[in-house]
Amino acid sequence: MKKDFTLTQEDFDALLGWLSANREEAGVLYEKIREGLIRFFRFRGCADPPTLADETINRVALKVDSFDSSKNVKTITYFYGFASNVFLEYSRTTKKREVSWDSEDFSPARKLQAADDSPDTECDCLEDCLMKLPPDESALVVEYYGKDKSEKFELRRKLADAMNLKMPALHTRVFRIRGVLRECVEKCLEKNSL
Amino acid sequence: MQSKQEINVASLKQYLLGNLPPPEIEAIDLQIISNESSEEKLLWAECELMEDYLDETLSPPEVELFKENFLVSPERRAQLKQISLVRNYARNCAPKYVAEKASEKPPESFYEKLKFFLSLNPRPAIAAFALVIVGLFAAAILYNTADSQTAAEREYAAINRTGLSDLAKFKDVFALNLMSGTFRDLSGGAANKLSPDKLGERVLFRLALPVAAMAADAFKVEFVNDQEVVFTQNKLPFYNNANGQEIRLLLPSAALKKGAYQIKVAKETAPESAFVYNFVVE
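If you're matching them up, the sequences are chains A and B in order. Be aware that the first sequence starts at 1, since it is given in the working numbering, and climbs by one per residue. Be aware that the second sequence starts at 1001, since it is given in the working numbering, and climbs by one per residue.
These aren't lab readings, by the way, just hints derived from the structure by calculation. A quick note: this is a predicted structure, and the numbers were derived from the prediction, not measured. Hints are not guaranteed to be accurate.
What the hints assert, rightly or not - Listed next, the in silico PhoX-like pairs over lysine-lysine satisfying Cα-Cα at most 20 Å (straight line):
| hint | chain 1 | residue 1 | chain 2 | residue 2 |
| --- | --- | --- | --- | --- |
| 1 | B | K1258 | A | K149 |
| 2 | B | K1198 | A | K147 |
| 3 | A | K132 | B | K1193 |
| 4 | A | K187 | B | K1081 |
| 5 | B | K1169 | B | K1198 |
| 6 | B | K1267 | A | K158 |
| 7 | B | K1193 | B | K1258 |
| 8 | B | K1171 | A | K132 |
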């Protein structure tokens, strides 16, 4: 992906001026748009969303003078157009130098491997990390992932009811705990590999 | 900046697979950029998609799209690996005790046994005599059971039933946090090993209740060492915490000897369905 755009202070000021006449409001809008672009690249599966978001903003900033304000196009649409191009360029370049990965590592069949019998260091680390969490959090994660297919929906609904949460909020809580676990497991594996 | 249109999780999963027509992709893209509240649902959809893949509920074309369009970043591969690991762990190490117990035939009641016994002995005099003997035998068992509580069990019962709501009062007591049935073996998990030099006079056990046990109920707790019940507490209350419920129990360190322990927790109303917690005294 080409990255030959350099943003000057003047370009940046022009961008803020285009976003809003009020400098403070323009700053807030700028931050919201940047966060939105990061989300866009993140959910498109890109490896470095903040860099791609900044690249998009740079490109918009450099073209601000050429936008036709009489067309009444929404600000966000401009950003989206540039973001789509950045994404296409990113996809082309990453596909060219795609790092090979072993799809067997992610095969569903791998789930059948019984943790009970496995001397897997990952499992040892996960176990230790679960024990380091507060008991209610470790119990929640283990419960949440305790069933598969149709059974899991019923179980999770029960969990959400018991905790007086809506399903997305329950998921977010589990996601957050999983984030802590992941960090802990990674540190543990790193430690074991030394 | 806020879009009023709600995105549903099923559409988001197709979006993540790259399996929607361009206008729909654009509509979702614009919502993602302009609406920060979309993030929670997207994260949910992302994880559900990974679980669908692991559950093998995606169609063959979806599996191809999953590998080609979704599993494209190291971050997502790492997430998939982690979900797979946690799921394996949760499913293979989750307490099977409850299921095993549930599948067992419940024991016949005393009345049924007596009826059967009397049916073999039709003569009333013999039956009456047998009834007296059985009655005396049952009374003896009941008497011995009632009296079998040790002094320590009686002493700790009072505090365990009512006095553990304020954990600050026990900040100097060694606390062991456990969840049910997650050990692959009793030598694993250093966090569940008790070292005698760490213990003071008492140990505080905090047992996270699985969702199946959550209810307004009292619990019976048994500490089992080498297949022998070494400490029992009845009618224990549960305590609410941020993510669910737990049982708290104070135990004299003197009751714990070296070895592997199981703690069996059952609702007073359903003693046949117990949850098991493991720990080791080194």
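message: Check the hint pairing K187(A) with K1081(B) against an upper bound of 20 Å on the C-alpha distance.
response: Distance of about 16 Å is within 20 Å: holds.
- prompt: Is it true that the CA of K1267(B) sits at most 20 Å from the CA of K158(A)?
  reply: holds, 18 Å
message: Against the 20 Å threshold, does the CA-CA distance of K1258(B) and K149(A) hold or violate the hint?
response: violated, 42 Å
- prompt: Regarding the pair K1171(B) and K132(A), is the alpha-carbon distance no greater than 20 Å?
  reply: holds, 18 Å
query: Are the Cα atoms of K1169(B) and K1198(B) separated by 20 Å or less?
result: Given pair K1169(B), K1198(B) holds - Cα atoms ~19 Å apart, limit 20 Å.
- prompt: Does K1193(B) pair with K1258(B) here, judged by a C-alpha cut-off of 20 Å?
  reply: Roughly 10 Å separates the two Cα atoms, so the pair holds.
query: Is it true that the CA of K1198(B) sits at most 20 Å from the CA of K147(A)?
result: Distance ~37 Å between K1198(B) and K147(A) Cα, so the pair is violated.
message: What's the verdict on K132(A) and K1193(B), does the C-alpha distance respect the 20 Å limit or exceed it?
response: holds, 13 Å
The structure does not agree with the numbered hints 1 and 2 stated previously, though it agrees with the rest.
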